[in-house]
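There are 2 protein chains.
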Amino acid sequence: MSSSAVAYAKKNHSRFLDELKALLRIPSISTLPENKDDCRHAAEVLVAELKRIGMENARLIETEGHPLVYADWLKAAGKPTALIYGHYDVQPTDPIEEWLSPPFEPTERDGNLYARGSADDKGQVWAQIKALESLMAANGALPLNVRVLLEGEEEVGGEGIASFVASKPPELKADFALVSDTELFAPGLPTLCVGLRGMIYTELEVRGAKTDLHSGMYGGAAPNPFVSLAQMIAKLKDENGHILIPGFYDDIIPPSSEELAAWESLPFDEEHYRKTEVGSRELVGEAGYSVMERTWARPSLDVHGIPGGFIGAGAKTVIPAKALAKISMRLVPGMTPAKAFALYKAYMEKVAPAGVDIDVRLIHAGDPCLIPVNNRFVQAATKALHEVWGKDTVFIRSGGSIPIVGDFDRHLGVPSVMMGFGLPDDNIHAPNEKFHLKNFELGIESIVRFLEESAN
Amino acid sequence: MSSSAVAYAKKNHSRFLDELKALLRIPSISTLPENKDDCRHAAEVLVAELKRIGMENARLIETEGHPLVYADWLKAAGKPTALIYGHYDVQPTDPIEEWLSPPFEPTERDGNLYARGSADDKGQVWAQIKALESLMAANGALPLNVRVLLEGEEEVGGEGIASFVASKPPELKADFALVSDTELFAPGLPTLCVGLRGMIYTELEVRGAKTDLHSGMYGGAAPNPFVSLAQMIAKLKDENGHILIPGFYDDIIPPSSEELAAWESLPFDEEHYRKTEVGSRELVGEAGYSVMERTWARPSLDVHGIPGGFIGAGAKTVIPAKALAKISMRLVPGMTPAKAFALYKAYMEKVAPAGVDIDVRLIHAGDPCLIPVNNRFVQAATKALHEVWGKDTVFIRSGGSIPIVGDFDRHLGVPSVMMGFGLPDDNIHAPNEKFHLKNFELGIESIVRFLEESAN
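Chains as they are written, first to last, in our numbering: chain A, 451 to 906; chain B, 451 to 906.
Hints may be right or wrong, so weigh each one.
To be verified - Using 25 Å as the maximum straight-line C-alpha spacing, the simulated PhoX-like pairs for lysine-lysine come out as follows:
id, chain 1, residue 1, chain 2, residue 2
1, B, 685, A, 685
2, B, 660, A, 725
3, A, 685, B, 725
4, B, 725, A, 660
5, B, 460, A, 685
Stated by the list, open to error - Quick list of simulated restraints, FRET-style, between CB atoms:
id, chain 1, residue 1, chain 2, residue 2, range
6, B, 721, A, 732, 27 to 35 Å
7, B, 737, A, 720, 43 to 51 Å
8, B, 811, A, 704, 57 to 65 Å
9, B, 697, A, 720, 53 to 61 Å
10, B, 763, A, 704, 33 to 41 Å
11, A, 731, B, 472, 52 to 60 Å
12, B, 475, A, 486, 32 to 40 Å
What the hints contain is simulated information worked out from the structure, not anything from laboratory work. We put the CB at the ideal spot given by N, CA and C, even for glycine.
Could you put the whole structure together from the sequences, leaning on the hints where they help?
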């Protein structure tokens, strides 16, 4: 099926890429207070572009954090309404010294565009907007009704959008959502993500002495919060990757045998994955579960950093007064953030060593979710993807969390199509993040065709 | 016994204090590269002052790190030679926000002088120099031969002075050393320290993936170096304060029953110590040992900080590629740094979890030591202290490490008199370090009288 919008996209690809680079130059790191203005700037650029391509009601929607971006076009009477979601905020850049080119100076190398946010998620957001531009420019109208909702807090828990969605505003009435924040299972393999892990992100604070003490004078009598914290973390997860929080696994709904069989048939080379993606001496995790099961269908627990204490060069012989660990857990279908956090908090309070006080804080949370694959929009997506990529779509899950998908479902009754164009080695959340240039191009065409198909 | 030098010290006390404040304003933090010039500046100020008061051969002695300060006065024919030691470098100031007045702006409050380095050790060094000035000014000569040797790397392992002492230079020929870097057991109680713990300061590095990874995508399959590090630390020390390194306690020489009995009779209120010095919910450590035994005569293990990973505000869902722990152990008589490090390293390599590579590095080391109390210089010290403080001297140990004391003994055969004037609550190595003004004053007088007595 030919599409004049696809032709328009092909013809304008070079300009689209230049525009994306401009967006990537804005350091919209949502977690850092010093980048607050940059986040707003990125949002304003998106509003302006949505207006320019012919969307209506384009505007910022203020939240307690970074603003949402909204626009719509609702003139396709009798046609379904798509709710298009992405995020304009990005992860921090540390460790900055490991970047081969500056994170906010987009650089093309080997068919890829390197920049913080290139794959996660500005490149995908720009593919959505450029698909809308192509449809509008080629036909003078969109084939269906469209609402665009972009957020600037996806990397920090997305509280603003969560509150907004929970308020069930009329602006979000839609038949389905297009969420572009995922990846292909392998290069060239069209992929729809139909399951996500949820999460709880926490801080565990341990306090010992009232002030920092000299480790010579007090070592052996004063509690050391870093040692206590280590002892507590060691009680959270054993060396086989098993989480030791009592009751943590109780409510898990395992994947069906059909789903497991489909995962088995995916092109996956564990040794290649270990070597090129992870690069560790060996993979770890629960025995008896494949890598796909461990990362998609089993909960996990990670420590992200342990601020406090002496972290400079050289030596300082101090017993720090307190220590803090940033600890998150990924949750799978059947689990809820509220129960997982309650179990974790109670367990930490129970195993805290003598001499220290602890404080367990929930920083943010997201529900796990599973998408039914038998609805017409998923079917439209597979048809569009087959045309653009020439292959059948594979259905996978992701180990990551996109809390908005659960929110759309729970509050709006809107099912999501998670059609994303990242690749497993895109280094999202890490130095040298990239977006494959070909995926940016075919991503735009896939979204054009998906929206056209969804209109039928 | 009257002393015209003591009278001179009393008369000039106000000037002495102003001079000390000037020295304290120099931020000579030895561990931070950015304060390198400040360390040299402090050393130059000391050289100039030693010249000014009449010492000879005053000069810097270069090392690979911060310079040593040397001066002598050797005209007391037939009299013994004192080697006077102290250090001009100071600890870092973090956490800076907890200081009530700026660390390098000396401030008098409640009879104390608050500043980084006030007690550890610039205040004590200045007491030594002002004692020499008083003796010289009052008598036109010193009562015995004196060599002064000050270092600028005490807080970072003291490698420069260790090499210099190990070379057995003629400049260090002496009959005894006066080391002023310790504290009184209680306010107003004259104290000589006759035992020190040694130490090994180490870095334990754990590496997992080749780069930082997204904890959603990879959590459950990729090794997490922070979790591995916590598991390893938990295997180093149990919750009863017992160090779990095999063989670690094998060579310890316990204190004699006489020494233990003397410790028992010291004025010590454990609950007061817990509340006002440590300020923790409870004290910790090995059952069956008093606080004095735990901190003076038993080895200890502390974690000082765990750099790496995400330590910013908010949330970053990263599995860091590596983690590092700064870990030190205090050693007691019978133990050697070499053996302790070898046992520790072998044990860590044995218990490292699957999936990670580790690296165990020794940053610096110091021998434990015990001083015999029956020599004439210790006797002279107790006599001098009794005159100035009006009380009998108590003999204690310190849990801290002053490696130079072991070096003086081993390389030069010179016994040390550890006569220091800090107080247990001086917050050395912590925010709001202070030096009790009365102790500065009586410290100068004590050193004057000690040197006069030692000449007899």
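Problem - Indices of hints not satisfied (ascending) - result: 3, 5, 6, 8, 9
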